[in-house]
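Colleague: Residue strings, one per chain:
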Amino acid sequence: MAVRLQSEPFDAGAEIARLTKGRTDVGAVVSFTGLCRADGETGAISAMTLEHFPGMAEEELGRLETQARERWPLLDCLIVHRYGRLVPGDPIVLVIALSGHRQAAFEAANFLMDYLKTSAPFWKNEESESGSQWVSAKVEDDQRRNLW
Amino acid sequence: MKLRYFAWVRERVGRGEEERDIPPDVGSIADLVAFLKTQGEEYEAAFENERVVRAAIDRIHVKPNASILGAQEIAFFPPMTGG
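Respectively, the protein sequence lines represent chains X and G. As numbered in my numbering, residues 232 to 379 make up the first sequence, in order. As numbered in my numbering, residues 10 to 92 make up the second sequence, in order.
No false leads were slipped in.
Here are the computed lysine-lysine pairs in the DSBU-like style, where the Cα-Cα straight-line distance is at most 35 Å:
| hint | chain 1 | residue 1 | chain 2 | residue 2 |
| --- | --- | --- | --- | --- |
| 1 | X | Lys369 | G | Lys11 |
| 2 | G | Lys46 | G | Lys11 |
| 3 | X | Lys369 | G | Lys46 |
| 4 | G | Lys72 | X | Lys369 |
These are calculated hints, taken from the structure and not from any lab test.
Okay, chain X solo, but in the shape it has when bound (with noise of 0.2 Å):
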C-alpha cells in the first residue's frame, strides 16, 4: 500500500525507478502526472491552492488503491497528491501501476485518476486577477467514474 500527501514537488522519474529497482517480474509500467494549468476551470490563473481533509484524504486514497489491486493484478502501485499553494507547471498528482502486462497497469491507473478526482477529499482554489474562486466539480468527472 502506498499512498502519500506531500506540499512540495514529486519526481516521478525518481518514483518509478524506485518501485521498479531489482525487479524482474514488472513488464509494464504505467504513470500518470497531472499537473497545474495557466488556464484554469475559472480562467486565466496565477495559482491554485488545494486545500484536503487531512486524514480522510490519506485513507480514501488507500480504499481506491485496495479496490483497484483486488480488480487487476498489480504488482505495486503509488499515489502521490500534493496540497497547498501551487503554481502553473506544478506538478499536482502522480498515480503509477505496476503489473505484468500492460493492460492491468493501464486500466488501474486510469481507475485510480477517474475515482480520484470524484472521492478524494480535495477541493481547488484558482488565484486570478479578479481575486479567488473555487473550482466546481464537473458533470463530466461523476460520469468517466460510473463508466467504472
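Chain X is fixed; fit chain G onto it per the hints.
Modeller: Same frame as chain X, now just chain G:
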C-alpha cells in the same frame, strides 16, 4: 459532536471545526443539516443548496439518509475537485 467544514462550506460557516451539542431527535445527516440551518445565517448560507453539500462520518463518505448514531466526527464539504 465534532463538526468539520472544508472549502467554501468552511468559508460560509466561518470556521473549520467546532464542538456542538446535537439534539437527540437528530438521527440522520439530513436531519443534522436541517438542524444546523436553524443555527444562524452562516449555516443557512453554507447549506443553501443542501443537495450539493457532501458529508462524511468518521472520514467515510455517506449519503444524506445515513444515521449519525455513534458518530465521533461529521464533516461537510463541496463536491471534490482534486487530481
